[in-house]
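> Just so you know, my numbering puts 450 at position 450 of the sequence shown, and the rest follows in order with no gaps.
Hints listed in this document are in silico derivations from the structure and should not be mistaken for laboratory results.
The beta carbon of each residue, even a glycine, is placed where N, CA and C say it ideally should be.
Incorrect hints may appear among the rest.
Computed beta-carbon distance windows for the label pairs [what the hints assert, rightly or not]:
#, residue 1, residue 2, range
1, Glu443, Asp168, 54 to 64 Å
2, Lys3, Asn30, 40 to 50 Å
3, Thr390, Asn281, 46 to 56 Å
4, Asp168, Lys126, 19 to 29 Å
5, Asp168, His188, 21 to 31 Å
6, Arg563, Asp134, 25 to 35 Å
7, Ser521, Asp134, 50 to 60 Å
8, Ile189, Thr390, 46 to 56 Å
Using 30 Å as the maximum straight-line C-alpha spacing, the simulated BS3-like pairs for lysine-lysine come out as follows [claimed, not checked]:
#, residue 1, residue 2
9, Lys534, Lys566
10, Lys3, Lys398
11, Lys100, Lys64
12, Lys65, Lys132
13, Lys52, Lys129
14, Lys398, Lys519
15, Lys65, Lys184
16, Lys132, Lys52
17, Lys8, Lys407
18, Lys434, Lys398
19, Lys475, Lys463
20, Lys541, Lys566
21, Lys519, Lys327
22, Lys48, Lys139
23, Lys327, Lys566
24, Lys555, Lys213
25, Lys129, Lys213
26, Lys555, Lys338
27, Lys463, Lys434
28, Lys560, Lys475
29, Lys398, Lys475
30, Lys64, Lys48
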Amino acid sequence: MLKIKHQKRDPLVPPISVSALFNLSSFGHNDDIVANQKELDFTRRELKQDIKTLAKAFLELDLKKGDIITVATGRSMYENILIFFTANRLGIIVAFLDEKTTRDTLLHYLDEFNSPLLITYKATDKRIKDLKHDAKSVKHIINLDGRTVDEAGPDDEQSEDIEFHALDGFLLNGHQPITKIAEKHHGHIPRHTFSANREALISFTSGSTSGPKPMVFTNKALIASAIYSKVASDVKMWDKELHSWMSYVHLDCPYGLVVSVLAPICGGGEVVLTPDIDDTNLDYYIGKNPNTIFGIPPLLEAMPNLKEDTDISDLKMFASGGERLEKSASLAALDFFKSRGLKNIKISNGYGVGEALGLISTAVGNRTYNPDSVGQIPAGVHTMVLDPDTGEELNFGKTGILYVTGKHILSRYYNRPELTDDKIITIHGRRFVKTGDLAYVTETGFITLVGRATFFINNLPAKVYYEVVRAAVSKSELVKKCYVVKGPDPKLKLAAYAFVVTNDGVGHNNDIRQQIIAKASEPFNLGRRRITLKDYELPKKVIFLDDLPLTKANKTDFRKLERMAKELGSVENTNK
1 MLKIKHQKRD PLVPPISVSA LFNLSSFGHN DDIVANQKEL DFTRRELKQD
51 IKTLAKAFLE LDLKKGDIIT VATGRSMYEN ILIFFTANRL GIIVAFLDEK
101 TTRDTLLHYL DEFNSPLLIT YKATDKRIKD LKHDAKSVKH IINLDGRTVD
151 EAGPDDEQSE DIEFHALDGF LLNGHQPITK IAEKHHGHIP RHTFSANREA
201 LISFTSGSTS GPKPMVFTNK ALIASAIYSK VASDVKMWDK ELHSWMSYVH
251 LDCPYGLVVS VLAPICGGGE VVLTPDIDDT NLDYYIGKNP NTIFGIPPLL
301 EAMPNLKEDT DISDLKMFAS GGERLEKSAS LAALDFFKSR GLKNIKISNG
351 YGVGEALGLI STAVGNRTYN PDSVGQIPAG VHTMVLDPDT GEELNFGKTG
401 ILYVTGKHIL SRYYNRPELT DDKIITIHGR RFVKTGDLAY VTETGFITLV
451 GRATFFINNL PAKVYYEVVR AAVSKSELVK KCYVVKGPDP KLKLAAYAFV
501 VTNDGVGHNN DIRQQIIAKA SEPFNLGRRR ITLKDYELPK KVIFLDDLPL
551 TKANKTDFRK LERMAKELGS VENTNK
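With the hints as constraints, model all of the structure from the sequences given.
Structure below.
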């Protein structure tokens, strides 16, 4: 394991459940706002009461400790928080799926998880009936009617003397209010407080390489990730400067749930939920003026489109996740923020894998704008680099497969022991997760990615790694974004194809292509290394796009780009 210079001690992770940490963080602050969704504010006291009511209903439905409930509700973000904390209090595991998950996929996971309860979003009576009939394990279906999304918008007239209860939108089998079920329960409501090692969440990998895989996380892992991310961003408990967090990411993304929701809630903050955010209502949500925005690069790129009267005066940090944040996007956003008088705003970007809840390294402030690094390893996270051929442990500056450990990594892949054995290894008494990325680490903990261990072109005389070619192409001031995949070539059979999004005002023609290739041919620094691409490493084609395609997990859809490259066919090099 690499010993990073000046790395802080591992933060203390309390041996309790996530719901217990929420209760602890709320002590003395029960009347503070914990979540805002559309025009609704929920206090910590109200969330606690909702948790208690829903817990009674769960117990009346005969849910037990260790059960797995499947939640496919997507946009009802406050309800998702409520469901998770309720289940967590009772020792029940929650599996979040996208609300648009296909019927066959949903049935597959319901059977695999043996879920006694399915929670859906605005499902029709027919869909509820069919799912209950076809899902062998499902005894009950709770359908959310979407009222906190549809009926709580800025244009809805709501009188202050009318109480709006989110739980009124929980309907058992589509019709019976869940509050009526809760009224039937008069027994004890258990509270699993000291259950750090109990499994709490099933989340899924992005599926960008070999399809989504269900990952299981304990209470300890979720709390550790929340604490590590707050320490890395230098956020304190009840931090007034970074109190309000706007969450752009849905809860079926692991980093979305933990970093952008659980971290602020359990850290004494308020989360601003964005269940239906898009380019038509961006000013409405950003205008809530949060201290921190947790989003993705496209959201940061859209910030300069805000109206002049949209108030962002309290914004202190933009935390970007899901996909690489390009240097040009960071600098453009920084210029925009400065034009609005925000001179000390931080832009945070980092690197991680789903198995580590998206947290391996972070880059805050000026470090974000260094395209050669994906940030610095924070306290609590430790890495190791192994030679891909021999398995030998490598020292600083040596390129190999990156492994990560910490209290925040997954406990296992659900029902996939062979995958667990392949991806998780124990060395020096610690469990390490294999990231699949080729990288090297500096003595001070900065990580430079060279590429995926499987993302290369195996041409003689040497392998060509996509990430190295991408870094070379991105050096051009003409390039805003770039992604490199393999494509056909008459001479080499396979060669690098560069899909490029140019900066505003840059044309799409052969002259621009030649300028980009000429710049990529020049020596450049990748971390500490001085690299010059050889002729066979240079892209054989540069293809212009208005933007890079994204998957549902907001990652570049490289499979679509590979299909596009293949369709272009084996033709003459268009860069000349």
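> Each hint: holds or not?
Comparing the hints with the structure gives:
1. Taking 54 to 64 Å as the suggested C-beta distance range, the pair Glu443 and Asp168 conforms, at roughly 57 Å.
2. Here the CB-CB span from Lys3 to Asn30 is close to 43 Å, well matched to the stated 40 to 50 Å.
3. For Thr390 and Asn281, the Cβ-Cβ distance of about 54 Å falls inside the hinted range of 46 to 56 Å, so the restraint holds.
4. Separation of Asp168 from Lys126 is about 23 Å and conforms to the stated range, judged on CB atoms against 19 to 29 Å.
5. For Asp168 and His188, the Cβ-Cβ distance of about 25 Å falls inside the hinted range of 21 to 31 Å, so the restraint holds.
6. The hinted window of 25 to 35 Å between Arg563 and Asp134 holds, with their beta carbons roughly 33 Å apart.
7. Range check, Ser521 to Asp134: Cβ separation about 58 Å, and the 50 to 60 Å hint holds.
8. About 55 Å separates the C-beta atoms of Ile189 and Thr390, a value consistent with the hinted range of 46 to 56 Å.
9. Annotation: proposed proximity of Lys534 to Lys566 holds, straight-line Cα distance about 23 Å (limit 30 Å).
10. This hinted pair checks out: Lys3 and Lys398 have alpha carbons roughly 14 Å apart, not beyond 30 Å.
11. Restraint check: the Cα-Cα separation between Lys100 and Lys64 comes to about 27 Å, which is no more than 30 Å; the hinted pair holds.
12. A distance of roughly 22 Å separates the Cα atoms of Lys65 and Lys132; the hinted pair therefore holds under the 30 Å criterion.
13. For the hint linking Lys52 to Lys129, the alpha-carbon distance of about 28 Å falls within 30 Å, and the restraint holds.
14. At most 30 Å may separate the alpha-carbon atoms for a hinted pair to count; Lys398 and Lys519 meet this at roughly 26 Å.
15. Taking the CA atoms of Lys65 and Lys184, the gap is about 20 Å. The hint holds against a cut of 30 Å.
16. Between Lys132 and Lys52, the direct Cα distance comes to roughly 26 Å. Compliance with the 30 Å bound is thereby established for this hinted pair.
17. Straight-line distance between C-alpha atoms of Lys8 and Lys407 comes to about 15 Å, which keeps the hinted pair within the 30 Å bound.
18. In summary, the hint linking Lys434 to Lys398 is supported, as the alpha carbons are separated by about 17 Å, within the 30 Å threshold.
19. Using a Cα cut-off of 30 Å, the hinted pair Lys475 and Lys463 holds, with the two alpha carbons roughly 21 Å apart.
20. Only pairs whose Cα atoms come within 30 Å are accepted, and Lys541 paired with Lys566 is accepted, the gap being roughly 12 Å.
21. With a C-alpha separation of about 16 Å, the suggested pair Lys519 and Lys327 falls inside the 30 Å cut-off, and the hint holds.
22. The suggested pairing of Lys48 with Lys139 holds, with an alpha-carbon distance near 26 Å, which does not exceed 30 Å.
23. With a CA separation close to 29 Å, the supplied pair Lys327 and Lys566 stays within the 30 Å bound.
24. The suggested pairing of Lys555 with Lys213 holds, with an alpha-carbon distance near 16 Å, which does not exceed 30 Å.
25. In summary, the hint linking Lys129 to Lys213 is supported, as the alpha carbons are separated by about 28 Å, within the 30 Å threshold.
26. Between Lys555 and Lys338 the CA atoms are separated by roughly 28 Å; this keeps the pair inside 30 Å, and the hint holds.
27. This hinted pair checks out: Lys463 and Lys434 have alpha carbons roughly 21 Å apart, not beyond 30 Å.
28. Between the alpha carbons of Lys560 and Lys475 the distance comes to roughly 24 Å, so the proposed pair stays at or under 30 Å and holds.
29. Note on Lys398 and Lys475: the hinted pairing holds, with a Cα-Cα distance of about 23 Å set against a maximum of 30 Å.
30. Between Lys64 and Lys48 the CA atoms are separated by roughly 20 Å; this keeps the pair inside 30 Å, and the hint holds.
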